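Engineer: These protein sequence lines are chains D and Y, in that order.
Just so we're aligned, residue 1 is where the first sequence starts under the working numbering, counting upward by one.
Just so we're aligned, residue 1 is where the second sequence starts under the working numbering, counting upward by one.
Everything labelled a hint here was simulated from the structure, so no lab data went into it.
Treat the numbers as computed from the prediction; the structure is a model and nothing was measured.
Be careful, since some hints might not be right.
Negatives, chain D to chain Y, calculated, CB over 12 Å [what the hints assert, rightly or not]:
id	residue
1	75
2	144
3	154
4	170
5	177
6	228
7	246
8	284
9	449
10	482
11	517
12	529
The calculated label-pair distances, taken between Cβ atoms and stated as ranges, are [to be verified]:
id	chain 1	residue 1	chain 2	residue 2	range
13	Y	158	D	473	48 to 54 Å
14	D	473	Y	51	30 to 36 Å
15	Y	85	D	530	22 to 28 Å
16	Y	310	D	318	49 to 55 Å
Reference listing, derived: stretches of chain D covered by chain Y, where coverage requires no fewer than 3 residues with Cβ under 8 Å from a Cβ of chain Y [to be verified]:
id	stretch
17	213 to 224
18	385 to 394
A virtual CB, placed ideally from N, CA and C, is assigned to each residue, including glycine.
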Amino acid sequence: MTTTTHEDHNEDHHDHDHKPQGFLNRWVFSTNHKDIGTLYLVFALLMFFIGGAMAMIIRAELFMPGMQLVQPEFFNQMTTVHALVMVFGAVMPAFVGFANWMIPLMIGAPDMALPRMNNWSFWILPFAFTMLVSTLFMDGGAPAGGWTLYPPLVLQTGDSFIFAMFAIHMLGISSIMGAINVIATILNMRAPGMSLLRMPLFVWTWLITAFLLIAVMPVLAGAVTMLITDRFFLTSFFNAAGGGDPVLFQHIFWFFGHPEVYIMILPAFGIISEIIPTFARKPLFGYTSMVYASASIAFLSFIVWAHHMFTVGMPLGAEIYFMFATMMISIPTGVKVFNWIATMWRGSMTFETPMLFALGFVVLFTIGGFSGLMLAIVPADFQYHDTYFVVAHFHYVLVTGSVFALMAGTYYWLPKWTGHMYNERLGKWHFWLSVVFVNVLFFPQHYLGLAGMPRRIPDYSPQFADFNMLSSIGGFAFGLTQLMFVYIVWKCVRGGEPATARVWEGARGLEWTVPSPAPFHTFETPPEIDDSMVAHGEHM
Amino acid sequence: MKKENTLLVGLAMTAAITAVTYAILVAPGFLTDSGLNMTEGVTNSSKAVYDLHMIILWICIVIGILVFAAMFTSIFLHRKSRGAVAAKFDHSTKAEIIWTTIPILILIVMAVPSTITLIELEDNSNPDIIIKITGYQWKWKYDYIDEGISFYSSLKADSNAARMTGASIDPTTVDNYLLDVDNRIVIPVGKKIGFLITADDVIHSWWVPALGWKQDAVPGFINQAWTRVNEVGVYRGQCAELCGRGHGFMPIVLEAKSEEDYAAWLVEKKRGLAVTETETQRIWSKTELMAKGEAVYAQQCAGCHQTDGQGLAPAFPAMAGNPVTNGSVSKHIDIVMNGSEGTAMQAFSKTLTNAEIAAALTYTRNAFGNQTGDLIQPATIAKHNNG
């Protein structure tokens with residue numbers, strides 16, 4: 001019997017893939033890392049547009065002073081659900097989609113280590129988000145206390161409270177299982193010769209990210225559980241009247257929340273570190289220090305959480321400590337930026353769409369890093385905190401950081417996924433329109449914050465009118481531009497110039513040794529690794 | 001690739017990026033009246049914070065120009081279309097040590113003034129006057145501990161009317177739209193004012209940019225802050241921590257007066273509070289109650305129940321034809337004073353005076369087509385309050 005099974009999965013028959021027949025078998029019951037990766041990516045794209053639609057409502061209301069379109073309560077629901085959807089529905093699942101697709105291909109593994117759990121990790125998400133988004137239609141509306149869920153405000157949420165809390169629990173379960181899978185795959189299923197220090201940086205950053213996820217998602221689950229018991233079972237974890245402390249929640253939340261922001265940026269660093277060497281036709285500069293820098297950033301992320309809460313009334317000593325610890329993050333982050341530039345230096349660069357997005361990432365993420373450094377300075381943060389300056393900061397690192405890296409990665413590997421080249425001319429248009437409008441959208445928000453506009457307000461004094469209108473115009477244009485992305489990806493899936501196995505002249509790494517599109521099963525027998533295949537690391 | 005070539009392009013890129021930076025950071029100031037930068041404020045602390053902000057901003061600008069100049073020099077010179085051939089190097093320990101060490105030194109340079117300023121900001125000792133600030137959804141309360149003065153400060157009525165969704169009032173015609181209040185917090189210049197900041201319901205944050213800081217108001221805990229304002233003037237700010245539906249509508253107006261003017265203000269304020277006390281004792285006419293009630297309703301109730309009393313289904317019930325506004329008086333009083341569990345209806349007993357509650361109740365029972373004819377007197381509320 002075992003022999004029959006073996007023959008079914010015989011290698012070197014890439015022309016007939018043994019894909020499961022029928023939609024249900026192929027997608028719902030899938031245990032194939034490529035199909036599950038696709039599911040994650042499609043889901044993330046859908047969530048990106050749902051979250052984006054909410055951002056459009058926010059920017060429309062803020063287009064001019066006065067309340068024209070929505071009630072303040074609904075505005076708060078939009079800011080809250082926009083953030084939850086973008087963080088947990090768009091950015092995180094998109095990176096997991098990349099992990100699913102690329103990690104086995106990059107380390108020469110036939111699939112993820114735990115394929116059935118992989119299926120479950122994904123299929124939790126649509127249910128969790130159906131539950132979360134359905135709260136918009138409940139009496140009293142969706143949660144409106146901000147994505148940070150600070151009590152006591154979040155405890156004033158109506159019927160939707162428990163639905164949102166359970167949705168967050170489910171997202172946590174999904175993330176933890178995804179992370180376990182990534183770690184098990186990377187540590188156990190590397191092809192012979194693929195030592196840890198020869199792994200592509202994308203694999204390294206995901207390994208570190210997965211440890212962060214396992215460390216902090218349970219902390220979020222704990223915080224959410226305490227909110228639930230405070231609300232329904234008369235505990236007083238966060239209720240001062242019962243001896244609790246509302247600020248305790250903030251400490252717990254940000255102990256999760258700060259590593260969380262690196263969960264959303266480390267895989268982006270990985271993607272950029274793959275793309276820049278390819279288009280500079282030169283090996284990544286300082287591979288080893290890039291690995292150490294990623295690990296240092298991950299370590300520091302655990303000891304800086306309270307810089308999100310400098311104004312809650314902490315002791316002086318704590319403020320000084322968290323200021324210094326936070327400033328230190330700029331050192332490994334700086335190393336990364338310098339190394340990317342050193343990779344370009346004396347290379348032989350071309351500027352296809354993935355490279356354009358990667359370069360956009362380097363510049364704009366660095367601007368987000370600068371404002372982050374400014375926010376670390378406690379006395380200045382007393383002014384910046386909870387203003388549009390902060391909104392500008394985290395959108396620079398999340399949109400022009402994480403999302404640009406996701407766009408770059410999509411264009412980079414799309415030919416490998418689909419077997420077709422995308423339309424390069426349209427891709428470049430997509431980049432240039434995005435990069436212009438995203439700056440029109442977010443740069444003026446620095447000025448708004450410095451001039452004194454608090455964040456999360458549905459209406460504002462007319463002194464803030466000019467920059468808000470400019471920002472809204474940028475927002476609408478940026479939002480519309482993203483429809484191009486869907487069109488380009490869709491056209492590429494449907495057809496186009498056939499892609500070669502290597503796709504890009506300068507591409508190195510195992511994923512480029514399999515045909516395009518990547519067959520349904522790859523590396524069923526581990527590949528023989530030679531120096532020309534690996535992108536980085538020590539040579540044999 | 002010749003060395004001089006690289007240097008020349010590098011200088012050109014530095015110049016170009018400096019020009020772009022200048023255009024981005026300064027030019028918008030010529031095109032609009034809006035503020036671009038942090039206020040210097042009116043206290044020594046706020047000026048220190050501003051200086052710190054400018055130091056770090058300049059450091060970031062200089063680093064940014066150098067880094068981006070290097071990057072664009074490479075993008076210009078080392079491109080395949082110019083015939084560049086890729087070099088083979090993939091690390092340089094010397095370079096990496098340099099670009100790890102220099103940032104560390106820069107950070108130390110930044111840390112010193114930051115820490116000194118922070119220590120000054122956190123020195124709450126020996127205030128001349130202590131004011132307790134309490135945040136409520138959605139107003140502020142100021143208690144002058146040593147003077148026995150206590151009052152609430154809410155968004156001014158004209159802003160409040162204009163900020164209703166779909167209101168036909170143009171916000172630009174309202175003076176200090178969303179940044180004006182009915183009762184200002186008043187302090188004397190030149191004195192060290194100590195603030196004790198707390199909240200009664202959810203977390204708020206008290207922020208007047210001209211003072212140079214914000215401080216969260218956390219229910220159950222008291223945070224400290226201080227200021228010493230140098231210049232007479234009116235300084236405006238807002239709540240800076242999301243606190244629910246009215247978060248954008250609980251501004252702060254702080255007026256710094258000369259010492260004599262401050263003393264006169266204290267006398268006047270105490271007289272005003274005494275009047276409020278006697279108002280509870282006397283019998284009000286229907287006209288008085290309805291007029292005051294309409295004002296209180298617009299300020300406190302219309303945000304949810306709407307100016308026309310039609311409410312906003314499903315969360316905010318209509319006042320017109322409502323079984324509570326048309327039913328038992330004591331039940332109505334109870335809901336308004338103690339709130340309604342599990343709904344957005346707040347308890348108003350702590351934040352409104354007896355006269356205000358009485359007037360609002362009378363108004364809702366005799367407006368929007370409701371015709372109960374009930375007159376509710378401040379004394380009735382006082383009795384309900386004590387019993």
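Engineer: If you check each hint against the structure, which ones fail?
Structural biologist: 1, 2, 3, 7, 8, 9, 13, 17
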